[in-house]
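Could you put together the complete structure from these sequences and hints?
Here is how the chains run, residue by residue.
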Amino acid sequence: MKTIVVISGKGGTGKTVVTGSLAALAKNKVMVDCDVDAADLHLLLHPRIIERHEFRSGHTAAIDGDLCKKCGRCLAVCRFDAIKPDFSVESFSCEGCGLCSLVCPHGAIHMQENVAGEWFVSDTSYGPFVHAKLGIAEENSGKLVAKIRQVAKELGEKNRADYVIVDGPPGIGCPVIASLSGVDCALIVTEPTLSGIHDAQRVIDVAGHFHIPVKLVVNKHDLNHGMTSRIEAFCREQNIPVIGKIAFDKTVVASMVEGKTIVEHVSGAIKEELCKIWEGLKI
Amino acid sequence: MIISIASGKGGTGKTTVAVNLALSLKNVQFLDCDVEEPNAHLFLKPRIASQLKVHVPVPEIDEARCTYCGRCREVCAYHAIAVLPPGPAKEGSILVFPHLCHGCGTCSLFCPSKAIREVDKEIGLIEIGDAGPVSFIHGCLNVGEAMSPPLIRQVKNYMNPTKTVIIDAPPGTSCPVIAAVKGSDFCLLVTEPTPFGLNDLILAVEVLRKLSMPFGVVINRADIGDDKVETYCREQNILVLMRIPFDRRIAELYSSGIPFVLEKTEYRGQFNAAFNLIKQETAK
Numbered sequence: 021m022k023t024i025v026v027i028s029g030k031g032g033t034g035k036t037v038v039t040g041s042l043a044a045l046a047k048n049k050v051m052v053d054c055d056v057d058a059a060d061l062h063l064l065l066h067p068r069i070i071e072r073h074e075f076r077s078g079h080t081a082a083i084d085g086d087l088c089k090k091c092g093r094c095l096a097v098c099r100f101d102a103i104k105p106d107f108s109v110e111s112f113s114c115e116g117c118g119l120c121s122l123v124c125p126h127g128a129i130h131m132q133e134n135v136a137g138e139w140f141v142s143d144t145s146y147g148p149f150v151h152a153k154l155g156i157a158e159e160n161s162g163k164l165v166a167k168i169r170q171v172a173k174e175l176g177e178k179n180r181a182d183y184v185i186v187d188g189p190p191g192i193g194c195p196v197i198a199s200l201s202g203v204d205c206a207l208i209v210t211e212p213t214l215s216g217i218h219d220a221q222r223v224i225d226v227a228g229h230f231h232i233p234v235k236l237v238v239n240k241h242d243l244n245h246g247m248t249s250r251i252e253a254f255c256r257e258q259n260i261p262v263i264g265k266i267a268f269d270k271t272v273v274a275s276m277v278e279g280k281t282i283v284e285h286v287s288g289a290i291k292e293e294l295c296k297i298w299e300g301l302k303i
Numbered sequence: 010m011i012i013s014i015a016s017g018k019g020g021t022g023k024t025t026v027a028v029n030l031a032l033s034l035k036n037v038q039f040l041d042c043d044v045e046e047p048n049a050h051l052f053l054k055p056r057i058a059s060q061l062k063v064h065v066p067v068p069e070i071d072e073a074r075c076t077y078c079g080r081c082r083e084v085c086a087y088h089a090i091a092v093l094p095p096g097p098a099k100e101g102s103i104l105v106f107p108h109l110c111h112g113c114g115t116c117s118l119f120c121p122s123k124a125i126r127e128v129d130k131e132i133g134l135i136e137i138g139d140a141g142p143v144s145f146i147h148g149c150l151n152v153g154e155a156m157s158p159p160l161i162r163q164v165k166n167y168m169n170p171t172k173t174v175i176i177d178a179p180p181g182t183s184c185p186v187i188a189a190v191k192g193s194d195f196c197l198l199v200t201e202p203t204p205f206g207l208n209d210l211i212l213a214v215e216v217l218r219k220l221s222m223p224f225g226v227v228i229n230r231a232d233i234g235d236d237k238v239e240t241y242c243r244e245q246n247i248l249v250l251m252r253i254p255f256d257r258r259i260a261e262l263y264s265s266g267i268p269f270v271l272e273k274t275e276y277r278g279q280f281n282a283a284f285n286l287i288k289q290e291t292a293k
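Taken in order, these protein sequences are the chains called A and B.
Position in the first sequence (from 1) plus 20 gives the number in the working numbering.
Position in the second sequence (from 1) plus 9 gives the number in the working numbering.
You may find that some hints are simply not true.
[Unchecked claim] Pairs of lysine-lysine, DSSO-like flavour, derived with a Cα cap of 27 Å:
#: 1; chain 1: A; residue 1: LYS178; chain 2: A; residue 2: LYS22
#: 2; chain 1: A; residue 1: LYS280; chain 2: B; residue 2: LYS237
#: 3; chain 1: B; residue 1: LYS237; chain 2: B; residue 2: LYS54
#: 4; chain 1: A; residue 1: LYS153; chain 2: B; residue 2: LYS130
#: 5; chain 1: B; residue 1: LYS219; chain 2: A; residue 2: LYS163
#: 6; chain 1: B; residue 1: LYS237; chain 2: B; residue 2: LYS35
#: 7; chain 1: B; residue 1: LYS191; chain 2: B; residue 2: LYS219
#: 8; chain 1: A; residue 1: LYS270; chain 2: B; residue 2: LYS237
#: 9; chain 1: B; residue 1: LYS293; chain 2: A; residue 2: LYS104
#: 10; chain 1: A; residue 1: LYS163; chain 2: B; residue 2: LYS191
#: 11; chain 1: B; residue 1: LYS293; chain 2: A; residue 2: LYS153
Source of the hints: derived by calculation from the structure; they are not laboratory data.
Set out below in structure tokens:
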């Protein structure tokens, strides 16, 4: 079983659109959406949720107003500005270290476990799909990513799947690192813009840091031919295979509005290119 | 006035709106807080006057003093310290996992043998400069680092309250976004009229309502997709500050790193009108 993750560095380059097409093209796989704080793949795959689980992670301080003597010890030690001058806790600033509860001389602070989100195992017409919803303004998205990757791996092994295909988050921080760890290949989807190139290079460096093989797709390649050539030259230098170039096309938005993957919505050049990308990924 | 620009979904045009807004207003300080993938410098092309390395504190153990009592491991909420006590035939040892450490300082405070001191670990860089009349600051997270909020908080320490501060936030709805937008007077959410744009706009609106922060929406590429974003904003009584139509020229300028108000100067007036609406909203 091989695991492929689709990432980009920059947001909005077309990760989910490409991943959705892979869902339609790949046989015998498990799909995963690791962009847990702004998940979109479900809008194309239309999951029927079979299992729903709470994701418990981390703690938040709670101050008992009856026991609190307002001595200020907690305020002095908290490094996250999570305790307000009126001795209430600003929950979205609290990182759950517990230092305040340890130093409180009156036993007025206890740490409550967070329900930081939910994760789901679903059935779709494309096969099993593991996805999640991080609670609003919650942290520990990396842990939630690791959790659903583990669930998808077990499900894939049980089903004797050939692939686990992961839609990754933007950026290079903790959820991206959790999405990349131990995968067989990272597919970078970028666009021919200065920002797209800049961000793709950074996420390629992250993949390199963790020794993950990388392949690349240029989306909307005809928007700026000069930039596309720069991306191709960079990839040649770095020995990164460019396995596809998708043209700018308004039908891509139309398919999204219809809630369909592009390969099911249109025929012609874009569909052929996506089939070629899947062939290039399979090797 | 501090205005942050956020979005939920990536690639909707946060940096485009932030940069063009900054170039349309007077007396602006620009903070790029998308430290995982900072891009605003590609458009503003600032002259960087100073660079500072950013560090977080992580524990360092003096094994000569350590008694392997395990107190540090007990108090660490992040499992960033492992302690192997000495056995009959082996010496004890203690391991620190810096990438799990949040720098809270609990372990050093509670070590009974005073064997833990905090040392600096570099996580990224802050660069400060000027892009014409715009004061410019950005943070850049080192590749391989997982935690961006400490760097974002340090970038924000350089805010100059005598200016109109524009903060370019990262995408998403989790801790890096909160770190970037917290403390702003107003948040401008950039979206696009597609199902993905709407789905992620709804999440971003939930974040701002939880933070009790006033906000408004800019609809980018306003004439593609469908009308569900407009309907949602109307039903939720959300102020739409501006609509930017899809324009291949704007996309081309963006791809080459050129802020579009430099060529399409008529948009300066629209950005000023949006800014005036923001001033009215925050005065309420």
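Verification of the hints:
no., hint, verdict
1, A:LYS178 <-> A:LYS22, "holds, 14 Å"
2, A:LYS280 <-> B:LYS237, "holds, 17 Å"
3, B:LYS237 <-> B:LYS54, "violated, 36 Å"
4, A:LYS153 <-> B:LYS130, "violated, 32 Å"
5, B:LYS219 <-> A:LYS163, "holds, 23 Å"
6, B:LYS237 <-> B:LYS35, "violated, 35 Å"
7, B:LYS191 <-> B:LYS219, "holds, 11 Å"
8, A:LYS270 <-> B:LYS237, "holds, 18 Å"
9, B:LYS293 <-> A:LYS104, "holds, 25 Å"
10, A:LYS163 <-> B:LYS191, "holds, 23 Å"
11, B:LYS293 <-> A:LYS153, "violated, 34 Å"
Of the numbered hints stated above, those contradicted by the structure are hints 3, 4, 6, 11, listed in ascending order.
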